[in-house]
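Add chain B to chain A, keeping to what the hints say.
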Amino acid sequence: EDKVVQSPLSLVVHEGDTVTLNCSYEVTNFRSLLWYKQEKKAPTFLFMLTSSGIEKKSGRLSSILDKKELFSILNITATQTGDSAIYLCAGDTGFQKLVFGTGTRLLVSP
Amino acid sequence: DTAVSQTPKYLVTQMGNDKSIKCEQNLGHDTMYWYKQDSKKFLKIMFSYNNKELIINETVPNRFSPKSPDKAHLNLHINSLELGDSAVYFCASSQLGQANGNTIYFGEGSWLTVV
Chain A
1 EDKVVQSPLS LVVHEGDTVT LNCSYEVTNF RSLLWYKQEK KAPTFLFMLT SSGIEKKSGR
61 LSSILDKKEL FSILNITATQ TGDSAIYLCA GDTGFQKLVF GTGTRLLVSP
Chain B
1 DTAVSQTPKY LVTQMGNDKS IKCEQNLGHD TMYWYKQDSK KFLKIMFSYN NKELIINETV
61 PNRFSPKSPD KAHLNLHINS LELGDSAVYF CASSQLGQAN GNTIYFGEGS WLTVV
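Protein sequences, first through last, are from chains A and B. The opening position of the first sequence corresponds to residue 1 in our numbering, with each subsequent residue numbered one higher. The opening position of the second sequence corresponds to residue 1 in our numbering, with each subsequent residue numbered one higher.
Same shape as in the complex, but just chain A (with noise of 0.2 Å):
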């Protein structure tokens, strides 16, 4: 069965803190690894991630893909109490379909 497990949980941190998100995933047929961001309503897109090695950056969040060791990390430097929020990791399955972990949820406090 397609798994896709995030850690740690939830987090909390100071603003101005660096924190690491970890994403690993078993997916059948998989194509590519997708970090989204939730804060009160829908799901927002961040990255998507398809080959190994190449880091994604945008603003203060980055994001690696190792296909090898089945695993992905979304970075945030300097973080802001904005960045609270639930960070979501899904594998794509190639068959129309995400797998999503748990989530992590991140608490930036000021």
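Rather than coming from a laboratory, the hints here were simulated on the basis of the structure. Take these hints with a grain of salt, some might be off.
Stated by the list, open to error - DSS-like, lysine-lysine: derived pairs with alpha carbons at most 25 Å apart:
{"no.": "1", "chain 1": "B", "residue 1": "Lys44", "chain 2": "A", "residue 2": "Lys97"}
{"no.": "2", "chain 1": "B", "residue 1": "Lys19", "chain 2": "A", "residue 2": "Lys68"}
{"no.": "3", "chain 1": "A", "residue 1": "Lys40", "chain 2": "B", "residue 2": "Lys19"}
{"no.": "4", "chain 1": "A", "residue 1": "Lys57", "chain 2": "B", "residue 2": "Lys19"}
{"no.": "5", "chain 1": "B", "residue 1": "Lys52", "chain 2": "A", "residue 2": "Lys67"}
{"no.": "6", "chain 1": "B", "residue 1": "Lys19", "chain 2": "B", "residue 2": "Lys71"}
{"no.": "7", "chain 1": "B", "residue 1": "Lys36", "chain 2": "B", "residue 2": "Lys9"}
{"no.": "8", "chain 1": "B", "residue 1": "Lys71", "chain 2": "A", "residue 2": "Lys3"}
{"no.": "9", "chain 1": "B", "residue 1": "Lys44", "chain 2": "A", "residue 2": "Lys67"}
{"no.": "10", "chain 1": "A", "residue 1": "Lys41", "chain 2": "B", "residue 2": "Lys19"}
{"no.": "11", "chain 1": "B", "residue 1": "Lys40", "chain 2": "A", "residue 2": "Lys56"}
{"no.": "12", "chain 1": "A", "residue 1": "Lys56", "chain 2": "A", "residue 2": "Lys67"}
{"no.": "13", "chain 1": "B", "residue 1": "Lys52", "chain 2": "B", "residue 2": "Lys40"}
{"no.": "14", "chain 1": "A", "residue 1": "Lys41", "chain 2": "B", "residue 2": "Lys36"}
{"no.": "15", "chain 1": "B", "residue 1": "Lys44", "chain 2": "A", "residue 2": "Lys41"}
{"no.": "16", "chain 1": "A", "residue 1": "Lys40", "chain 2": "B", "residue 2": "Lys36"}
{"no.": "17", "chain 1": "A", "residue 1": "Lys40", "chain 2": "B", "residue 2": "Lys44"}
{"no.": "18", "chain 1": "B", "residue 1": "Lys22", "chain 2": "A", "residue 2": "Lys41"}
{"no.": "19", "chain 1": "B", "residue 1": "Lys22", "chain 2": "A", "residue 2": "Lys40"}
{"no.": "20", "chain 1": "B", "residue 1": "Lys9", "chain 2": "A", "residue 2": "Lys40"}
{"no.": "21", "chain 1": "B", "residue 1": "Lys52", "chain 2": "B", "residue 2": "Lys19"}
{"no.": "22", "chain 1": "B", "residue 1": "Lys52", "chain 2": "B", "residue 2": "Lys36"}
{"no.": "23", "chain 1": "A", "residue 1": "Lys57", "chain 2": "A", "residue 2": "Lys67"}
Here is chain B on its own, set in the frame of chain A:
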């Protein structure tokens, strides 16, 4: 303009009732989905439709019946609602056949509470 819009946003109803949630996307995508997010925030696919055809049905009880009148709309009808149906239901869409996989765009969710 909201890319994926769903209505209603909030719904409180009694056990045994039948209710529908509507979804529309204006992204020109060919595939639409329903996802369910439970109280623990676990997001799981229920259905997907590609060009109005059912592609995925993830062992969802047959009280749940999706309907896609055209590729821009995917509605979800739920019969005989149960307490365990309380959740947030997210509609989503994507365009298959993209070179680099399947980026799904989500609606804002419909909060269903069954009492």
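Verification of the supplied hints:
In summary, the hint linking lysine 44/B to lysine 97/A is supported, as the alpha carbons are separated by about 10 Å, within the 25 Å threshold. In summary, the hint linking lysine 19/B to lysine 68/A is not supported, as the alpha carbons are separated by about 46 Å, beyond the 25 Å threshold. Straight-line distance between C-alpha atoms of lysine 40/A and lysine 19/B comes to about 24 Å, which keeps the hinted pair within the 25 Å bound. Distance hint between lysine 57/A and lysine 19/B is unfulfilled; the C-alpha atoms sit about 42 Å from each other, more than 25 Å.
A C-alpha spacing of about 34 Å is found between lysine 52/B and lysine 67/A, which places the hinted pair above 25 Å, so the restraint is violated. Distance hint between lysine 19/B and lysine 71/B is fulfilled; the C-alpha atoms sit about 22 Å from each other, no more than 25 Å. Taking the CA atoms of lysine 36/B and lysine 9/B, the gap is near 14 Å; set against the 25 Å cutoff, the hint holds. Taking the CA atoms of lysine 71/B and lysine 3/A, the gap is about 29 Å. The hint is violated against a cut of 25 Å.
Our distance criterion of 25 Å between C-alpha atoms is met by lysine 44/B and lysine 67/A, whose separation comes to about 23 Å. Simply put, lysine 41/A and lysine 19/B have alpha-carbon atoms about 21 Å apart, close enough for the 25 Å limit, and the pair holds. For the suggested pair lysine 40/B and lysine 56/A, the alpha carbons sit about 29 Å apart, so the restraint of at most 25 Å is broken. Our distance criterion of 25 Å between C-alpha atoms is met by lysine 56/A and lysine 67/A, whose separation comes to about 15 Å.
Restraint check for lysine 52/B and lysine 40/B: not satisfied, since their Cα atoms lie roughly 31 Å apart, outside the 25 Å limit. Annotation: proposed proximity of lysine 41/A to lysine 36/B holds, straight-line Cα distance about 13 Å (limit 25 Å). In summary, the hint linking lysine 44/B to lysine 41/A is supported, as the alpha carbons are separated by about 16 Å, within the 25 Å threshold. Restraint check: the Cα-Cα separation between lysine 40/A and lysine 36/B comes to about 15 Å, which is no more than 25 Å; the hinted pair holds.
For a cut-off of 25 Å, the pair hint linking lysine 40/A to lysine 44/B stands: about 18 Å separates their Cα positions. The straight-line distance between the Cα atoms of lysine 22/B and lysine 41/A is roughly 17 Å, inside the 25 Å bound, and the hint therefore holds. With a C-alpha separation of about 20 Å, the suggested pairing of lysine 22/B with lysine 40/A holds against the 25 Å cut-off. A threshold of 25 Å between alpha carbons decides the hint, and for lysine 9/B with lysine 40/A the separation of about 13 Å falls inside it, so the pair holds.
With a C-alpha separation of about 21 Å, the suggested pairing of lysine 52/B with lysine 19/B holds against the 25 Å cut-off. Taking the CA atoms of lysine 52/B and lysine 36/B, the gap is about 20 Å. The hint holds against a cut of 25 Å. For the hint pairing lysine 57/A with lysine 67/A, the CA-to-CA distance comes to about 18 Å; that is within 25 Å, so the pair holds.
In this structure, the hints that do not hold are numbers 2, 4, 5, 8, 11, 13, in rising order.
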